[in-house]
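Chain residues, written in single-letter form:
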Amino acid sequence: MTEAAEVTISLDGDGRTYCPAQPLFGEYVFKNVLPGDLKAVEVAVLWYTEGKGDEDLAVHAFWRLNAEEETLPDPRRPAFFETVLPHSPLSYEGRLLKIRWCVRVRAFLHRGKEAFSERRFRLGDVPAVADLG
Amino acid sequence: MPRAFPLLYPKKRGHRRTGSKTLGSVGELVFFGIFFLAGVAGLILILLTVVVPEWRVNHEFRANQATVLPGSRIGVTPGEDGPLYRPEIHVKHTVEGVDYGVWTYDIAGGYTSGRAEKEAVLKCFPVGGRVACWYDPLDPNTVVLVRGYSWWTILFLIVPAVFLFMGAAGLIFSVLHWGKSAERRAVRTQKAQQGDSSNGNGENVYPSVPVRTDITNSPGTRLRYRLPIEASPGWAVFGMLLLVLLWNAGVAVMVCFAVGGHLSGGPDWPLTLFCIPFALVGLFLIYVFFRKLLIATGIGPTLLEISEHPLYPGEEYQVFLSQTGRLKVNALTLSLVCEERATYQQGTNTRTETRPVFKQELFRREQFEIPPGLPFETETRLQVPLGAMHSFKSEHNEIQWTLVAEGDIAGWPDYKRAFPVLIYPPDGGSRA
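Residue numbers (this note's numbering), protein chains in the order written: chain A, 1 to 133; chain B, 1 to 432.
Accuracy of the hints is not assured; some may be wrong.
Calculated cross-link-like contacts (lysine to aspartate or glutamate; reagent style EDC-like; alpha-carbon spacing at most 16 Å) [what the hints assert, rightly or not]:
no.: 1; chain 1: A; residue 1: Lys98; chain 2: A; residue 2: Glu70
no.: 2; chain 1: A; residue 1: Lys39; chain 2: A; residue 2: Glu70
no.: 3; chain 1: A; residue 1: Lys98; chain 2: B; residue 2: Glu339
no.: 4; chain 1: B; residue 1: Lys393; chain 2: A; residue 2: Glu70
no.: 5; chain 1: B; residue 1: Lys393; chain 2: A; residue 2: Glu50
What the simulated footprint calls covered on chain B by chain A, stretch by stretch (three residues with Cβ under 8 Å from a Cβ of chain A suffice, anywhere in the stretch; the number is not a length) [to be verified]:
no.: 6; stretch: 182-190
no.: 7; stretch: 341-351
To give an idea of the interface, some chain A residues facing chain B are shown, with a C-beta separation under 7 Å as derived from the structure [as the list claims (entries may be wrong)]:
no.: 8; residue: Ala5
no.: 9; residue: Ile9
no.: 10; residue: Asp54
no.: 11; residue: Ala61
no.: 12; residue: Leu65
no.: 13; residue: Ala67
no.: 14; residue: Leu72
no.: 15; residue: Val84
no.: 16; residue: Leu85
no.: 17; residue: Ser88
no.: 18; residue: Cys102
no.: 19; residue: Arg106
no.: 20; residue: Leu109
Calculated from the structure, these hints are not laboratory results. From the three backbone atoms N, C-alpha and C, an ideal C-beta is built for every residue, glycine too.
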């Protein structure tokens, strides 16, 4: 039995808080994926909301790499991405609402299989609501 | 632990679900497919049974003369609300030497309520009379005595048409989203909405920070901008008045029936008991209306001006407050307030929950009087907290900052007036 495909994301200065309008560098690495397995890869830098309200999601940067455009990465090597982060919305830990920033990588494999990974990060340094006044 | 089968009943986490996406997409396709097919079937049925036969009568049927025979009658069929009727005129007409005897009237042959109308139709066709008729050249047994179109069929067409359009729209939506990730769909949606909130150069400097030009379009007399009030007291009173009138009109009808029953000696106690809670709510609404009216008319306008806008965390601003009216004030306060607002779907209802998460009192004064014609005026300092979250608005979530003036007036209901402001993210040398 073949092992399940995996993808791992790393960000520069892993775990640090990123400043608005500054660059974000990252890489993703596949495991158990051969060059012929990949149909497409999607990389997205995005924010989404969590909490009481229905989820909102907005994508800041998006790349779709596919075989048709011959942009597929070699899954045996790390692939890189880079973007300049926006001024807003900043990461937020409220009572009804939380705003999360993350990088998501989705690899679409043959026979409808998919490998997915998400790596969260903080944009800005807004303290959690309880810490304010 | 890996699952062998797709999760049919997914958990909801916001809009993210943990079930099988493929199954969900198939379910959507099936759901909208059923709508679409129902619409197509309904349209075909109405076209074949009503529209096409009527068109043929008006365009393909041949004119002839018929003789009214004895035996004309009113056809009866049972309906949900009583019997339904149609006129059935017994006629004979001759085509190429062959006589055809039939009971007929129009091509639809539909039954409707109202026997008297059908009896009137029957009287228009006396036995032995010669009348115009139109027959189907393919089948001379199909004869009608009236032509034209039944325009009510258009109403019947609306129902399947709605099904068809809903189904088609849903199918197109499902097909366009088939196999696409949430991120790819979001990108597509964002592209469609692009430009709505841009700064005019096609670039939105502060995404998700609301744009409100109404805050800075009114100059102040003491400071740079006069802030707009969140909800004008006049409109709030008018809205309340409408609600009071509508609610109490409905209650009045019920009360009339209930009281009428009592006066006529046949009291309807279930109706009477049913009326009581509605009447109490009606009285409460009247109380709220007069309270709002008192506040709007008795307490003069509150004006708020600010030295700069938008606001930035850590920075300091001047705020000017003016309150008019002939008032004996127990306490007047001005605060900077932050509220979170979340909108969510609960069953078929859309609910919004609001929660204040920050309040900073900027000004407070107690036990003073505002004489008529001389407004109370004060200027105060506003320091936006250094770590304050910026204003934020997305489809279902919002962070709103307001300056709130609250008054505790002797002999009057307390009042609260909010003036929205925008707080931008900390300045990174990129102020617009």
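How the hints compare with the structure:
1. A distance of roughly 38 Å separates the Cα atoms of A/Lys98 and A/Glu70; the hinted pair therefore is violated under the 16 Å criterion.
2. Pair hint A/Lys39 plus A/Glu70 holds up; C-alpha atoms about 11 Å apart against a cutoff of 16 Å.
3. For the suggested pair A/Lys98 and B/Glu339, the alpha carbons sit about 13 Å apart, so the restraint of at most 16 Å is met.
4. Distance check on the hinted pair: B/Lys393 and A/Glu70 sit about 38 Å apart at the alpha-carbon level, beyond 16 Å; violated.
5. For a cut-off of 16 Å, the pair hint linking B/Lys393 to A/Glu50 stands: about 14 Å separates their Cα positions.
6. With a cut-off of 8 Å between beta carbons, the stretch 182-190 of chain B has 6 residues touching chain A; three or more are needed, and the interface restraint holds.
7. With 5 residues having a beta carbon nearer than 8 Å to a beta carbon of chain A, the stretch 341-351 of chain B meets the requirement of three or more and the stated coverage holds.
8. This hint is violated: A/Ala5 has a C-beta 13 Å from the nearest C-beta of chain B, more than the 7 Å allowed.
9. Here the hint on A/Ile9 is broken, as its CB sits about 14 Å from the closest CB of chain B, past 7 Å.
10. At its closest, the beta carbon of A/Asp54 sits 4 Å from a beta carbon of chain B; the interface hint therefore holds under the 7 Å criterion.
11. The closest approach between the C-beta of A/Ala61 and any C-beta of chain B is roughly 10 Å, which is over the 7 Å cut-off, so the hint fails.
12. Because the beta carbon of A/Leu65 sits about 12 Å from the nearest beta carbon in chain B, more than 7 Å, this interface hint is broken.
13. The closest approach between the C-beta of A/Ala67 and any C-beta of chain B is roughly 15 Å, which is over the 7 Å cut-off, so the hint fails.
14. The criterion of a C-beta within 7 Å of any C-beta in chain B is not met by A/Leu72, whose closest approach is roughly 16 Å, and the hint is violated.
15. Of the supplied interface hints, the one on A/Val84 is violated, with its beta-carbon coming no nearer than about 12 Å to a beta-carbon of chain B, more than 7 Å.
16. With a least beta-carbon distance of about 11 Å to chain B, the hint placing A/Leu85 at the interface is violated under the 7 Å criterion.
17. At its closest, the beta carbon of A/Ser88 sits 5 Å from a beta carbon of chain B; the interface hint therefore holds under the 7 Å criterion.
18. Evaluation of the A/Cys102 hint against chain B yields a violated restraint, the C-beta minimum of about 10 Å exceeding 7 Å.
19. This hint holds: A/Arg106 has a C-beta 5 Å from the nearest C-beta of chain B, less than the 7 Å allowed.
20. For A/Leu109, the interface hint is violated, since its Cβ never comes within 7 Å of a Cβ in chain B; the closest pair sits about 13 Å apart.
In this structure, the earlier hints numbered 1, 4, 8, 9, 11, 12, 13, 14, 15, 16, 18, 20 are contradicted, and the remaining ones agree with it.
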